[in-house]
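Q: Sequence:
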Amino acid sequence: MSTDSSQQAPLVAHLIELRNRLLKSVLAILLIFIGLYYFANDLYLIVSEPLRLLLPEGSSLIATEVASPFLAPLKLTFAIAVLISVPYTLFQAWSFIAPALYKNEKTIAIPLLISSIFLFYMGVLFAYFVVLPLIFGFFTTVGPGEVTVMTDINNYLNFVLKLFFAFGVTFEIPVATYLLIKAGATTVAKLSKKRPFIFLGCFVVGMLITPPDIFSQTLLAIPMWMLFEVGLLAGRTVKNQDDEESEETEDNTQATEPKA
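Residues 2 to 261, numbered by the numbering used here, are exactly what the sequence shown covers, in order.
No lab work stands behind these hints, which were simulated from the structure alone. Treat the hints loosely; a few may be bogus.
To be verified - Derived DSS-like pairs: lysine-lysine, alpha-carbon spacing no greater than 30 Å straight-line: (1) 25 x 163; (2) 195 x 183; (3) 191 x 76; (4) 107 x 191; (5) 104 x 25; (6) 194 x 183; (7) 76 x 107; (8) 104 x 194.
Model the full assembly from the supplied sequences, consistent with the hints where possible.
A: Here's what the structure looks like:
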C-alpha cells in the first residue's frame, strides 16, 4: 500500500507541474492578446498591406458578414499573440522535460530549440515579405479586366494565416532532418539516394497545404527542397562525430592490447 502511494506521489507532482506550466503559457497568451487588442485594426492593415498595395484602382477589401469587421481583427490579434508567445511556451515545455534529460541531450536540445524558434519566425517573415506579394501580384493581374477584385476580409485572413503556418512549419525541415539522422532513423546516404522522391514529395505537400494553383505550390515546394538540403548538410556533422567516436574507440582498444 505504501509502495503504491510512493509511486503515485511523483506522478501527481508531475501532473501538477504540467498544469501550472500550461496555465502560465495560456496566461502569457492572454496578456499579450490584451496588450495588442487596442491595435487590432492597425495590425490587420499591416497584414493586409501586401494585397491592398496591388489592388486595382477602385477596388478594396470588403466584409460580407455582419460581424467580420470585428471578428477578423480579433482573430488576427489572437493569432499574433500565440505567435509572439511561442518562445515562452517552448521555454515552459523545456523547463518541464529538462530534468529528465542527460547532460549530452541538453547540449543538443538547447541549440535545436533556439534554431526551431528562429526558423519558424523566418518562415512567417518569408511568407509575408516574399510569397504574399508574388502571389497577389499574380492573382490580381491574371483575372478578366471586367472583374473587380474585392476580397472578403475574413477569407483573406484565413488565406494568410494558412500560408504563415505552412511556411513556418516548412522552415522546420532542417531541424526535423537533423533529428532523424541523429536518432539513427535514417542516414545521409539513404536520404541522398531518395532525393528525387523527396523533391516530388515537396510539390505534393505544396499542393495539399497551399491554394489550388501551381504558383503558390512552387513557392512552397522549392524552399522545402532547399531546406531539406540544408538538413542534409547538418546531418553530415552527425556522421563525422560518429566516425570520430569509432576512431577513438579503436585507438583505446589498440592502446589496451598487450604488445607481443
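Q: With reference to the structure, classify each hint as holding or not holding.
A: Hint-by-hint comparison with the structure:
Under the criterion of a C-alpha separation no larger than 30 Å, the hint pairing residue 25 with residue 163 is consistent with the structure, at around 26 Å. For the given pair, residue 195 sits about 18 Å from residue 183 by alpha-carbon distance, which is consistent with the 30 Å threshold. Of the pairs offered as hints, the one joining residue 191 and residue 76 is violated, with about 43 Å between alpha carbons and a cut-off of 30 Å exceeded. For the hint linking residue 107 to residue 191, the alpha-carbon distance of about 27 Å falls within 30 Å, and the restraint holds.
Using a Cα cut-off of 30 Å, the hinted pair residue 104 and residue 25 holds, with the two alpha carbons roughly 26 Å apart. With a C-alpha separation of about 18 Å, the suggested pairing of residue 194 with residue 183 holds against the 30 Å cut-off. For the suggested pair residue 76 and residue 107, the alpha carbons sit about 36 Å apart, so the restraint of at most 30 Å is broken. For the given pair, residue 104 sits about 34 Å from residue 194 by alpha-carbon distance, which is inconsistent with the 30 Å threshold.
Violation of the numbered hints given earlier is confined to hints 3, 7, 8; the remaining hints are satisfied by the structure.
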